[in-house]
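J.: So the chains spell out like this:
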Amino acid sequence: MKALEVSGLKKSFGGVQAVDDLDFFVEEYETLGIIGPNGAGKTTLFNLITGIYRPDAGRVIFFGKHLDRVPVHHLSHLGIARTFQNLRLFNSLTVLQNLTAPILGLEGYGLSSAIFRRRRYFDGERSAEEKARMLLEFFELSGKEELGANSLPYGEQRKLELARALSTNPRLLLIDEPGAGMNPREIRDLLKILRQVKEHFRLTIVVIEHQMGLIMNLSDRVLAMDFGEKIAEGIPSEIRKDRKVIEAYLGDEPITC
Amino acid sequence: MSFFTSAKRFLLCSIVVYLILKGLFLSGFLTQYIQQIILFSFIAILTSLGLNVIYGYTGQFSLGHAGFYGIGAYTAAYLGAVFKVESILSFLPILALGGVAAGIVGYAVGVPILRLRDDFLAIATLGFGILVKVLLDNSDRAIEILGGSRGFIGIPKIVNLETAFFTMVFLILVTRNLIFSRYGLFWQCIKDDELASTAFGINTARMKLMAFTYGCFLAGIGGALYAYLYSFLHPSNFDFLRSIDFLIIVIVGGMGSITGTIYAGLLWVAVIEGLRIGLPAQALEFRWVLIPIFLIVVMMWKPFGLLARKESKFLGLGRDA
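If you're matching them up, the sequences are chains A and B in order. So for the first sequence, my numbering puts the first residue at 1; every next one is plus one. So for the second sequence, my numbering puts the first residue at 1; every next one is plus one.
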């Protein structure tokens, strides 16, 4: 089954055609990597899928459902979660609260349960907290529950963002440049975590990344973009050798990694 | 039941404070005037708490809070006059209606203006506050009894220590229960990052509207108490400068802190009224030099307010144990 199908997608900002007539699909449980130079339209693509921008033309279909009329805040209920290129954690909240907020957004209790501290309030809070703690354990963030999210080191903030994206039990996870601003060693750790996520959570992943090593290692299939268009698509080893990709993005030399 | 049992410590503190105040009120140490000021400080706390929900927790900057306070005051005073309210028992529904009226107007105003952000929202709420003031100034043309710029006179003085204090305690508790629930969490998420909140399933438009409506409701309750404490209303009590008073209490106390608002409310009323009593009559206007200096010192000493995002464990206002 196709988890995500994008057809004829277009978006321009003024004179710039950020995404130009793009078609692609992602099979369920598949990991699709998207590469492309800066300004190729990768993040715009994510923003179109997640409803932050409305497309000028084309459609996005998620498990057979058109997303064009779905309010943005419903997407996470449908099972789409994302991370952001430049971390967007809830910085004044604690690590734990960064996870319980999305969980409680999904499975909550009513206003009167909150005000009158009915049983449902306590049950809801407890189960959200348990779930959040399990995720923190998975990402090796246990013991940091009560710290402020912005007091974590950068690498851990990245992990927390990933944990937050997984907190809503998504079927499709969109990861936007997880390796941005990381050194090679942190990238290796990240790759390990992403592989664990892939194995453990069984979901469909679309990942945008600049770090070739990471994307080639993680993806089942890679899509290369330039100037908003698809220039190549295929398994990592093919993409690595593709003329157009090498010219547009990787430079003259073939890559070695 | 667990509404009360989940906040034993806070209720216990409240009862102790109440007994002390009651003793003081009965002992005759406090003049009528001082007693009135103490009760007014509860009103200031309640109304500022509403603004803290809107601004401190949810991040929606409002400069028109006194407008909602005024709507609550005039609604309660008007309904009281129509239904000839004289006793505490018949006052309580009027008090609630004052809050509900302000909440309804807050909702209606919030639907269009909460789409705006930051400074634009500030200008829209500022405009709303001025609109209310102008309407109150001319209210006698539509309804004679409201008094227009002459003021609304002859409201029975019903609010006593018990009404003001326990209304405040009850609503602080409700507010605390909201803040430490998923709703309060969503409000804080919105303040931190609205886009991320939407991406994680929070209906930001609805949550902002809810915070705004609730904050205005608290202002309306504050206004209704004010009307029946002072038994006289004048539009100038609900102008832009009064909005600033509440804003100062929120900022000095700390954005996103119930405890902070309580302390700052007491402090603010004490400073203003203390200077009125302390300064000789011919130097009274000197207050408006001293108060800004006081504010500058406080903000330099504690730029995020006395208790930003912290709650007093002593008062038992934090999360449920």
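Just so you know, the hints here were simulated from the structure itself, not pulled from any lab data. Predicted model, so just to flag it, every value in this text is computed and none were measured. You may find that some hints are simply not true.
What the hints assert, rightly or not - Facing chain B, a subset of chain A residues (Cβ under 8 Å, in silico):
{"#": "1", "residue": "T50"}
{"#": "2", "residue": "S76"}
{"#": "3", "residue": "F84"}
{"#": "4", "residue": "A101"}
{"#": "5", "residue": "Y121"}
{"#": "6", "residue": "R164"}
{"#": "7", "residue": "L203"}
Unchecked claim - Quick look at which bits of chain A chain B covers, simulated, 3 or more residues with Cβ under 8 Å:
{"#": "8", "segment": "67–75"}
{"#": "9", "segment": "104–110"}
{"#": "10", "segment": "204–216"}
A virtual CB, placed ideally from N, CA and C, is assigned to each residue, including glycine.
J.: Decide, hint by hint, whether the structure agrees.
T.: Evaluated hints:
Hint on T50 (chain A) holds. Least Cβ distance to chain B is approximately 6 Å, under the 8 Å limit. Among the interface hints, the one on S76 (chain A) holds; its C-beta lies about 4 Å from the nearest C-beta in chain B, closer than the 8 Å criterion. Here the hint on F84 (chain A) is kept, as its CB sits about 7 Å from the closest CB of chain B, short of 8 Å. Contact between A101 (chain A) and chain B, as hinted, is supported at the beta carbon level, the nearest pair being about 5 Å apart and thus within 8 Å.
Satisfaction of the interface hint for Y121 (chain A) is found here, the shortest Cβ-Cβ separation to chain B being roughly 7 Å, below the 8 Å cut-off. Contact between R164 (chain A) and chain B, as hinted, is supported at the beta carbon level, the nearest pair being about 7 Å apart and thus within 8 Å. Given hint, L203 (chain A) at the interface with chain B, is violated; its Cβ is 16 Å from that chain's nearest Cβ, farther than 8 Å. Coverage of a stretch by a chain is defined here by at least three residues with a beta carbon nearer than 8 Å to that chain's beta carbons; for the segment 67–75 of chain A and chain B the count is 5, and the condition holds.
Counting residues of the segment 104–110 of chain A whose C-beta sits closer than 8 Å to any C-beta of chain B gives 5, which meets the bar of three, so the coverage hint holds. By the rule of at least three residues with a Cβ nearer than 8 Å to a Cβ of chain B, the coverage given for the segment 204–216 of chain A is violated, with 0 such residues.
In the structure shown, a violation is registered for the earlier hints numbered 7 and 10, in ascending order.
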